[in-house]
Structure formats: structure tokens, C-alpha cells
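Residue numbers (our numbering), protein chains in the order written: chain A, 1 to 353; chain B, 1 to 257; chain C, 1 to 182.
Be a bit skeptical, because a hint or two may be false.
Mimicking SDA-like on lysine to any residue, the simulated pairs with C-alpha atoms at most 20 Å apart in a straight line are [stated by the list, open to error]:
(1) K227/B x Q141/B
(2) K3/A x G156/C
(3) K153/B x R22/A
One side of the interface only, derived from the structure: several residues of chain A facing chain B at Cβ under 10 Å [said to hold, decoys possible]:
(4) P28
(5) I29
(6) E41
(7) R44
(8) S54
(9) E55
(10) E57
(11) I58
(12) G82
Since the hints were derived computationally from the structure, they do not count as laboratory data.
In this text the structure is predicted, and so the values were computed from the model without any measurement.
Beta carbons are placed, not taken as given, at the ideal position from N, Cα and C, and that holds for glycine.
For reference, the chains in residue letters:
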Amino acid sequence: MNKVLMSGNFIICEAAIRAGCRFYAGYPITPQNEIPEYMAEHMRKAEGGIFIQSESEIVAINMIAGASAAGLRAMTSSSSPGISLKQEGISSMAACELPGVVVNIMRGGPGLGNIRPSQGDYFQATRGGGHGDYRTIVLAPATCQELADLTMAAFDLADKYRNPVMILADGMMGQMMEPVTFKKPKPRIYNKKFMLQGAGSGKSKFIRGLILDPIDMEEHNWKLARKYEVISKKEPRHEEYNINNAKMIIVAYGTAARIAKGAIKRLQNNGMNIGLFRPVTLWPFPEQQLRSLSAKVKNYLVFEMSTGQMLEDIRLALQGYADIRFHGRPGGAVPTPAELANVIARIYERTVK
Amino acid sequence: MAKIVYQRPKSLKEAVFHYCPGCGHSIVHRIIAEVIDELGIRGITIGVPPAGCAVLAYNYFDVDMIEAPHGRGPAMASAIKRSLPDRVVFSYQGDGDLAAIGIAESFHAANRGENITIIFINNAVYGMTGGQMAPTTMLEQKTTTSPLGRNNKLDGYPVKVSEIFSQLQGVTYLERCMVNSPANVNKTKKAIKKAFQCQINGHGFSLIEILSPCPTNWKMNAVNSCKWIDEVMSKVFPPGVFKDDIPAATKTAEVDS
Amino acid sequence: MIVKTIFSGFGGQGVLMMGVSLAHSGMNKGFHVTYLPAYGAEMRGGTANCTVAIADEEIASPVASEPNFLVAMNSPSLFSFQNKVIVEGTIFLNSSITNDRPHRHDVKVFCIPCSDIAQDLGNIRVANIIMMGAFIKVTGIVTSEIYLNSLESIMGSRKKSLAEINRKAFAAGFDYLKNQQG
Ligand SMILES: Cc1ncc(C[n+]2csc(CCOP(=O)(O)OP(=O)(O)O)c2C)c(N)n1
Ligand code: SF4
Ligand SMILES: [Mg+2]
Numbered sequence: 001m002n003k004v005l006m007s008g009n010f011i012i013c014e015a016a017i018r019a020g021c022r023f024y025a026g027y028p029i030t031p032q033n034e035i036p037e038y039m040a041e042h043m044r045k046a047e048g049g050i051f052i053q054s055e056s057e058i059v060a061i062n063m064i065a066g067a068s069a070a071g072l073r074a075m076t077s078s079s080s081p082g083i084s085l086k087q088e089g090i091s092s093m094a095a096c097e098l099p100g101v102v103v104n105i106m107r108g109g110p111g112l113g114n115i116r117p118s119q120g121d122y123f124q125a126t127r128g129g130g131h132g133d134y135r136t137i138v139l140a141p142a143t144c145q146e147l148a149d150l151t152m153a154a155f156d157l158a159d160k161y162r163n164p165v166m167i168l169a170d171g172m173m174g175q176m177m178e179p180v181t182f183k184k185p186k187p188r189i190y191n192k193k194f195m196l197q198g199a200g201s202g203k204s205k206f207i208r209g210l211i212l213d214p215i216d217m218e219e220h221n222w223k224l225a226r227k228y229e230v231i232s233k234k235e236p237r238h239e240e241y242n243i244n245n246a247k248m249i250i251v252a253y254g255t256a257a258r259i260a261k262g263a264i265k266r267l268q269n270n271g272m273n274i275g276l277f278r279p280v281t282l283w284p285f286p287e288q289q290l291r292s293l294s295a296k297v298k299n300y301l302v303f304e305m306s307t308g309q310m311l312e313d314i315r316l317a318l319q320g321y322a323d324i325r326f327h328g329r330p331g332g333a334v335p336t337p338a339e340l341a342n343v344i345a346r347i348y349e350r351t352v353k
Numbered sequence: 001m002a003k004i005v006y007q008r009p010k011s012l013k014e015a016v017f018h019y020c021p022g023c024g025h026s027i028v029h030r031i032i033a034e035v036i037d038e039l040g041i042r043g044i045t046i047g048v049p050p051a052g053c054a055v056l057a058y059n060y061f062d063v064d065m066i067e068a069p070h071g072r073g074p075a076m077a078s079a080i081k082r083s084l085p086d087r088v089v090f091s092y093q094g095d096g097d098l099a100a101i102g103i104a105e106s107f108h109a110a111n112r113g114e115n116i117t118i119i120f121i122n123n124a125v126y127g128m129t130g131g132q133m134a135p136t137t138m139l140e141q142k143t144t145t146s147p148l149g150r151n152n153k154l155d156g157y158p159v160k161v162s163e164i165f166s167q168l169q170g171v172t173y174l175e176r177c178m179v180n181s182p183a184n185v186n187k188t189k190k191a192i193k194k195a196f197q198c199q200i201n202g203h204g205f206s207l208i209e210i211l212s213p214c215p216t217n218w219k220m221n222a223v224n225s226c227k228w229i230d231e232v233m234s235k236v237f238p239p240g241v242f243k244d245d246i247p248a249a250t251k252t253a254e255v256d257s
Numbered sequence: 001m002i003v004k005t006i007f008s009g010f011g012g013q014g015v016l017m018m019g020v021s022l023a024h025s026g027m028n029k030g031f032h033v034t035y036l037p038a039y040g041a042e043m044r045g046g047t048a049n050c051t052v053a054i055a056d057e058e059i060a061s062p063v064a065s066e067p068n069f070l071v072a073m074n075s076p077s078l079f080s081f082q083n084k085v086i087v088e089g090t091i092f093l094n095s096s097i098t099n100d101r102p103h104r105h106d107v108k109v110f111c112i113p114c115s116d117i118a119q120d121l122g123n124i125r126v127a128n129i130i131m132m133g134a135f136i137k138v139t140g141i142v143t144s145e146i147y148l149n150s151l152e153s154i155m156g157s158r159k160k161s162l163a164e165i166n167r168k169a170f171a172a173g174f175d176y177l178k179n180q181q182g
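Looking at chain A on its own, in the form it has when it is part of the complex:
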């Protein structure tokens, strides 16, 4: 298979188009402008492909909902402030069980923040972000290859569970180029009965999120909850690195995990045995997988480019069975592996006996 050198933002687009995405709507925002720009050219070239530069992020997410209802694989993308605007629409899609892919190339926040890479949107992504009892599947790539693979997987998961799926990356991943191989996408499995394409001579149907009767609403909530339960069991993904004999484990995702891996390699040379646990799905969080490690390893260091958000999920997963430390770099400053190695070494020496 052919290796090509592409930037993360372009890789997402190319993977989406190859996975059969035929509708993209979005609004410019740095550091993901390359996505609407690529789509403006290439989505319109793809057979049946539709590109719309919407007048806002709110409009883009609702366009995705419309295209999805009409039966197309659909995607929108933005960066942190724009993702905030999409939350009403994401909640609505979850309520209506509409598949769709939302890409967040995170930047520093809150507010307008800055355009540097950050991981401050973890809570927003994994807790749903919008209102109501719903969940969004969240995939966190750490390499450009994963951007391609997980974008394709996002469409499959969205269809499979009829739920919005978010790709959570950051400005560095979006801008960076790495070699990538586009794998063959799986054929789409999605029942026509979920599409709104006109009743023809059959029975008409409707899609809605408003359910006034509290008993019906409750049943709908439980139905969604049962679906999320299944996702929580079947879909957690993670990567382990250097776990055997590790005396301490770093937990990190996305860009932070790359940096952590580099730091761990440096420290290995100094005789420190440190492993990496990298969640690939942030929701469902690979909770069981992490907890099972705590039987062997008692020291954990969580590293995030935020003030500590995934940290809460790790505390929940480890349930007090292990010692958890935290190191955070919010606001867009990405530490080097060497800097992080210094931090880890200090904590290692204090906690590991």
C-alpha cells in the first residue's frame, strides 16, 4: 500500500471521503481551516459529494443532521469555540439517533483562548457537552496514521450505534505531516429504514427529539442508556507500551501520549521502568483495562495538556487502589519529551521504591 505524506487536517478529509462521506459542512476556524479548504475542492470533486461553507458552526451541525437523516455519511469539523456552538446540535442528533462525525481540532481555551494545541475540551467531549442524558463516542488519535484509521472507524461506529462520534485531536496533530497509508474502508452497513427519503407508497415516518410524555421520555432515555452500556462494554480501545515490569505508568492521550512515550524512552536509558497507558477511546473510557493494571502497578502519573480533566476518569477507574499524580500544561505550550522526562523522573524518584 502506498505511503503518502499529508498534514493531519488533510488526512481526516481524505479518509472521510474514502470512507464514503458525501456531505461536509463547516465554518473556518484556526487550526482546522485546511479541512473546509480541502473539502471545498475535493468533496465537490467526489461523486455526489456536497460541500457547504455554512454561516456558522450551529448551522453546520444542523446540516450534518439533515444530511444524515437523508441517508448520507456526513461530517463537520471545527476547533474548540466552534465546537461549543455545535453542542445543541450534537445533543439533538444523539436524541434523534442520527449518525454523524464531528471533528474537534482543539486549541487553547476557555473563550477565544489561542490557536495553540491544547486538550482542554476533554470534559466537553466525553460528558456529552450539550444538555440531556446522552453520550458521544470520542476517538483520540495520536499519530497521523491513526487520524486516517480512526476517521474511517468513526463513520462505522456512528452508523453502527446511530450516534454522533467525535474525533478529538489538537492543533499540532492537525498541522503536522506524517506518512500515512489509507486502508480500504469497510463497506457501509446502515439500514435504509433509518433514512428519511420520502414515504413513497409506504408508511411515512418521522424523526424527533421532543417527547412530551414523561414516561415515554424516560423509556427513550433508558433505551439510549442501554445502547451506551453496550458501547461501554464493546468499544473501549487503548494502547499499552512498556507495561511489563513497569514501576510507574503514565496515562496520556493524543499529542500528550506521544510526548510521554518519548520521555519514557529517555528514562529507560537511565534505568527507570515506566510504562504508558494511552486511551484511544476517551468515551467509552477503557476503565476496566486500566483498573486491571492496578493489581500490578501502584504508581500512576496523568499527563494532560489541560489542568486535569481525564484525571477524573482515571480516579474513577482506579478507585483508590493506586497512587495518582498529575502533571498538566494547559494553554497551548507543548512540553518537549526532555522537559517531561525531568518531571517524570522527579516524581518517579519520590514515589517508586
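Place chains B and C with the ligands on chain A using the hints.
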């Protein structure tokens, strides 16, 4: 004795603009500051800069300022004005900010006849994010999200803010100007002054649309950008006063002064 | 082995192209590579820079806090980045447009008048490729053949004449140092 004929307006800080050479934002900043000086309102003016190339306007204007989320300036400005009716409140917005993401806020602030002033910089692109298509991008104009030129069938038409907003009953004063020549800069300054005066006199909503060069994203030099405004942009967006409901009495008073 | 290079200069000097072409040829040689452009509002000021990492193992960070090589196409770039270069690292300087020289004495310095050479070749836009010729000659990260093939595949099959002038430019940079050292 030497006479000072040109100096930094008091309402501008001692800072170097970060705008590209030939950018219209710098010119408009300067003339707004001159107007604020001339009206003697530095101490009672509150500005609302947008998300857009002018996001750092608070580094340049020496008046109180609060940055609004993208498109929401008129909502903030409306509320500030209602809370502090004797202050002069203006929002400063690009075409993406005003006519795309913030069209609802702008339209309804105008329709409510809020006693605020909007300075609207129309440069036919999203400047800050790197030259994507804006609501005001002209047909056939190439941008990074209309690589083959704006196509009316797929992308719609340029939004003519002044023409549309002049239909709203809430609007008192509305003029479209350009800053591509010294004469036009003077005209623009007069229009801005009139708009602020309209607000000070309590006459209601004013908006000044300004055709403004963005050499960087138009991929032209500064001179050609100014020419392009004359030859192309002003044909689609003709300058002029679109609405003037300022009561006649104050108008004469102004002329006398 | 991991080697990081910062390319920096004015917008329009083809600085990002230098980075992409190096990363691409690194990939074609079978290395792990990353390329990271500086992005954001500062690009408006007309400067451009990017970082390329090439390694025989997974690359943790595409950022270079201590690059092995710096390619400075103008003097602001030299001042911004010279102090980051590792001890015993190498600085490549476009000496045509600046009389400034690195303050560092613990690095190797190659001054290539690439804008002048480009002028002589009749196309000022190939100054970047001339620099790449010198860069590949000194660093030997990839062979000339691999580099030129990458360059051509990035440029696409757009223009034969373009490939021709690029080859010439590359050779001019490569030979410039050969003659200097010879
Ligand atoms: C919710 C949200 N979406 C997108 C952006 C990114 N953004 C910042 S400025 C801007 C548009 C700038 O264009 P314009 O309003 O025309 O101003 P100009 O820079 O041209 O003066 C965009 C899309 C943002 N900051 N917030
Ligand atoms: S990009 Fe355009 S609008 Fe922004 S500062 Fe430069 S010239 Fe002005
Ligand atoms: Mg604009």
C-alpha cells in the same frame, strides 16, 4: 512657530499595528480614534472588537474595550449601552463576523434600534483565518474555500448589508464608504463622526460599512487593492448614504457648528 | 538516530517547501518523519518556518527545542533560532541577503549565497532548492537521487521545465560546497 499638522490621536495607544501593510483596518482605527478625540468622548466610549483580524483592537484604542465572541458584538454592545445609556458604545466587526455567524445579532440590534454604532469592515474575505469565502465575497472571486471562484448556484450571492439593513425600521443612519484614497478616507471619517454624533444625540442605531483592502488575502499589492475596490468591489457594493433618519433640526445644527 | 531541522525565512522564499521535500525524501528512504509548520497569526507578518524530524524509530515530538540543523534564509531567522541549535550542530545561512553571521562558535556554519546563485541561474525562486543542494551535501540524510525524486513527485508532473531547473539549482548548491571544500 511650527504648527503640528499630524500626530497620533490621543485615543490611540503607542503601539505598532500588527496589520499587514496596506490593510484597511489600520486606516479605520486611526480615523475612529480621531473622531473620538474630536468629539471629546475618550472617557465615555466603550468599544467591542470582534473575532477577526481586528481582535487585538484593544491594544490600539485607548478606550475601554471588551472582546466579543465571534459575531456576538452587537449583543454585548446593546447590553452595555442599555446598562450605561450615557456612554458611547460601538462594535467593530468584519464581514464574516457581522454577516455570517453574527447576522442574527447584528440584524436584531438594528431592528431594535439600539442606540449603538456598528463599524463594519467589508473586505470580502475572512481575513484572520486565511482568506476563506465571506458572505460578501463577490461572484467569481477566488478564495481558499471557493477555489474555482464563488459560484452562485453552490455558494449563493454576496450579501449587501447596507441595502438590507436600510430596510429595517430600527435603523437611523447607514452609510457605505471606502478607504482606498485620501478623499474617500475623509468621507469615511465624516460618516463615522456623523454616526457617533447620531448616537450621542440619542437618535438610535447607526452602521457604517467600509470597503476595506485586504492585500494579503486578495493576493495583490496595496495599490492594486485600492484600485480593485474602485473597479470591482464598489460596483457590487456602491458607496452612499442608504438611510438618514436623523431629525432635521440636529442636522442643521451640525452644519452650523 | 533522530535528526531535527528548522527551516526559516520570509514567506514566499519556499521555506515550507524545503521542509516538505526533506520530509518526503526521508519517508521515501524508509525513515520515520514528521513535518510541522509554524501556524497562526504570526504568519501574517510574513515569516515562515517549519520543523522536520527524521528518525529510525517512532518520533515522539515533531517540535525541535534543540535542532541539529538550522536553515536560515534571512537574518531574522538566524536571530530567532541560532541559540536553539545543539552544540556541534550546523547552521546553513543564505548569505546573499544578510551580512549577519551566527554568534555561536560551537556550531558549524555554511554560508551559501543562494539568492545570488539563483539570480545567476535566471530564477530567483529556486534559491530554496539551491540551499537544499548544499544541505543534502553536508548532512547526507538522503541521497541526491532520493531527494530529487521526492521533489519531483511533490511538484507533480506539472512542468518538465520546472523539474529541469530544480535539478540544475540543486546541483548548483551541491557543487558550491564541493568547490568550497575542495
Ligand atoms: C465560534 C467561532 N468560530 C470561528 C472562529 C474563527 N474566526 C475568527 S475570525 C473569523 C472570521 C474573520 O473574518 P471577518 O469577520 O471577515 O474579519 P476580518 O478578519 O476579515 O477582518 C473566524 C471564522 C471563532 N473565533 N469563533
Ligand atoms: S489579513 Fe487582510 S484584513 Fe487581516 S491584517 Fe492582513 S490585510 Fe488586514
Ligand atoms: Mg472580512
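Taking the hints in turn, this is what the structure says about them:
| no. | hint | result |
| --- | --- | --- |
| 1 | K227/B x Q141/B | holds, 16 Å |
| 2 | K3/A x G156/C | holds, 16 Å |
| 3 | K153/B x R22/A | holds, 18 Å |
| 4 | P28 | holds, 4 Å |
| 5 | I29 | holds, 6 Å |
| 6 | E41 | holds, 5 Å |
| 7 | R44 | holds, 8 Å |
| 8 | S54 | holds, 8 Å |
| 9 | E55 | holds, 4 Å |
| 10 | E57 | holds, 8 Å |
| 11 | I58 | holds, 8 Å |
| 12 | G82 | holds, 8 Å |
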